[in-house]
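**Q** If you're matching them up, the sequences are chains A and B in order. Per this note's numbering, the first sequence starts with residue 2, numbered consecutively. Per this note's numbering, the second sequence starts with residue 370, numbered consecutively.
If you are wondering where the hints come from, they were derived from the structure by calculation, not from laboratory data. The reader is advised that the hints may include incorrect statements.
Here are the simulated lysine-lysine pairs, DSS-like style, with alpha carbons at most 25 Å apart [said to hold, decoys possible]: (1) B:Lys441 x B:Lys501; (2) A:Lys137 x B:Lys822; (3) B:Lys447 x B:Lys379; (4) B:Lys477 x A:Lys106; (5) B:Lys827 x A:Lys11; (6) B:Lys554 x B:Lys577; (7) B:Lys577 x B:Lys827; (8) B:Lys477 x B:Lys379; (9) B:Lys822 x A:Lys106; (10) B:Lys466 x B:Lys447; (11) B:Lys554 x B:Lys613; (12) B:Lys832 x A:Lys11; (13) A:Lys137 x A:Lys97.
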Amino acid sequence: MLYDVTINGKNYRLELDRPDGRWSCRLDGRYFEIDAILVRADVLSLRIENTAYEIKLERVANDLRLWVGSQPFAVDIRDPRSLRGRARAVEDHGPKKITAAMPGKVVRLLVREGDDVEPGRSIAVVEAMKMQNELKSPKKGIVRKLLVDEGDTVNAGEVLAIVD
Amino acid sequence: MVWRGASMFKKILIANRGEIAVRILRACHEMGMAAVVVYSDVDRTALHVRKADEAYPIGAAAASESYLNIDKMLEVAKRSGADAVHPGYGFLSENAKFAQACADAGVKFIGPTAAAMEGMGSKTRARQAVEKASVPLVPGTSRGVGSPTEAQDVAARIGYPVMLKAAAGGGGKGMRLVHAPEELKSALEGARSEAERAFGDSEVYIEKAIVNPRHIEMQVLADEHGNTVYLGERECSLQRRHQKVLEEAPSPFVDVDMRHRMGEIAVRVAQAANYTNAGTVEFLVDQERNFYFLEMNTRLQVEHPVTELITGLDLVHLQIRIAAGEKLPFRQDDVRIRGHAIECRVYAEDPDDNYFPSPGKISLLQEPSGPGIRLDSGMYEGWNVPIDYDPLLAKLIAYAADRDHAIARMNRALGEYFVGGIKTNISLFRQILRDAGFRAGKLDTGFLDRMLKRVEDKPVDLKGAEVAAIAAGIFTAVGVTAPAAGNGTSGNGASASGDANSNWKSASRREALR
């Protein structure tokens, strides 16, 4: 099996094989002797040569996070031989939705439709779990639409505003 | 074998939730008593419900409809036949109306009387009460200030900088630090309106602002027969926005003589308040080791475990026994402090996103254990952390012979602690324990905010990334997760995210890896 893996902006080419039931692994051409046991579906006990690691898998929204011991890594893994798609860079053009990460209440709106905003400009303050949190614009643009009023309750994933 | 006197309660209603409800429930079981709990609509699957002997639904998620609702709580007490109520901390624990209502209903409130609570509940009234007992106070007013002119006079007399504080307050609300006379008027207005909004009481008083103070509090315990003792201090200076994050006992700043003097004064404060049961006297301590009475907390506190570990006493057992009319089973001379304990409060918060609360499902839970480790937790794997309450999930406490060993032990335990599926502040504690100032015991209430402002250089861990890459390949090859088709983010996998059923399916692939 062949994979392209990206971690912290660095790309790795990974070849994994299992002839005779034992794993063989090449990372960017370097060979590693490994021994892998899935303790649970999301916990891997991995020996690379004789160094032991425990790796935990976590899914956060659509992203994969792997913890090597206490250190987290956001991982992107692709099958380069699949015919289904091409890499598409995340672009900064296009409208961006400002969404609530979790249920809460809109206690303050800090912009109006038509306002110019810079990246990091606060759009709204949402209260959840006794704390107030500011949602900020990820890009430079104009507030195209405000979809909530002060006092509204919002659900996770609900769009509060669109910045274009 | 049960530790139960003749007049001991048979059944206790725990008017709380989460980790403290579990902790109290454990004391009940150790003492041979039934534990009755309550749960709001979102807490049906909470750990305290699973471990209780009786559980009663108490209303909608909002605390005002459930855990803060006095009528509903008393109704459960009546229906269950509980002979006592333990209020935990927060919620109704410092509500004099509730304490009185319990007394009126013939159900013993495990804590002080309503009168003692009210006496210490208002910070200005507390100051007035202890002034008479020759207790050192932070220079300031023991009554709320009236006009801005009066405030200016007081502040000029005390000397800037001054702190404006809400008499009914806590948690930093209604507080303003004022450096100069020009700032006073608007600070006063701001403090008043914030206090009104938060506590329904706009009374504001003034204290001298102590530079880089330490927050050191003394545990006191009083029976209903006139015996009051102190049980050692706790250092609680590590706070983020006035919320405690890490506590320890004893304080690295307090020596035997200072402990003795602070302890005696704390006892005088409790006596001035006619206090019974467990309470805590808070002091502000300046860099010259002068200490000043700040306020008294008329309840069991979150951080009580560190005191339990260094004294060998069980405070909840003692609370229950005191409430049942027993005399304190020891004298002040019998109290010994031994070893060092550190507590880390684990919150469902994202340290990388300004501590934004992080509710959600706990997909994986690995808990530390072994020598000197105590874990008071309300979580379990598979539990959905609700959004509706304070996000304190658990308290991890490490106990060892001295402070250095306690730090090493806590560090080890943190390395074993993993909560998957939600964000927690666990990584914050490793950062604190590495800090040279912390290790030297040089703490003050500004410490954590200063530390958080310093941007840490995170070294790029190439080796770790390589291991992660290989592991990602293995998880994918085995089918736990599916690779993206060359177009970016990894997909949701053949076995959809963390779902228990598919975990079992994938676990059967374990054999395939050998």
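**Q** For every hint, state whether the structure bears it out.
**A** So, going through the hints one by one against the coordinates:
1. The straight-line distance between the Cα atoms of Lys441 (chain B) and Lys501 (chain B) is roughly 39 Å, outside the 25 Å bound, and the hint therefore fails.
2. Only pairs whose Cα atoms come within 25 Å are accepted, and Lys137 (chain A) paired with Lys822 (chain B) is accepted, the gap being roughly 20 Å.
3. Using a Cα cut-off of 25 Å, the hinted pair Lys447 (chain B) and Lys379 (chain B) holds, with the two alpha carbons roughly 14 Å apart.
4. Among the hinted pairs, Lys477 (chain B) with Lys106 (chain A) is inconsistent with the structure: their alpha-carbon atoms are about 38 Å apart, more than 25 Å.
5. For the proposed pair Lys827 (chain B) and Lys11 (chain A), the alpha carbon gap of about 16 Å is at most 25 Å, so the pair holds.
6. A C-alpha spacing of about 16 Å is found between Lys554 (chain B) and Lys577 (chain B), which places the hinted pair at or below 25 Å, so the restraint holds.
7. Between Lys577 (chain B) and Lys827 (chain B) the CA atoms are separated by roughly 39 Å; this puts the pair beyond 25 Å, and the hint is violated.
8. Straight-line distance between C-alpha atoms of Lys477 (chain B) and Lys379 (chain B) comes to about 12 Å, which keeps the hinted pair within the 25 Å bound.
9. Restraint check for Lys822 (chain B) and Lys106 (chain A): the C-alpha separation of about 28 Å exceeds 25 Å, so the hint is violated.
10. Proposed proximity of Lys466 (chain B) and Lys447 (chain B) is supported: the alpha carbons are some 17 Å apart, at most 25 Å.
11. A C-alpha spacing of about 30 Å is found between Lys554 (chain B) and Lys613 (chain B), which places the hinted pair above 25 Å, so the restraint is violated.
12. In summary, the hint linking Lys832 (chain B) to Lys11 (chain A) is supported, as the alpha carbons are separated by about 12 Å, within the 25 Å threshold.
13. With a C-alpha separation of about 11 Å, the suggested pair Lys137 (chain A) and Lys97 (chain A) falls inside the 25 Å cut-off, and the hint holds.
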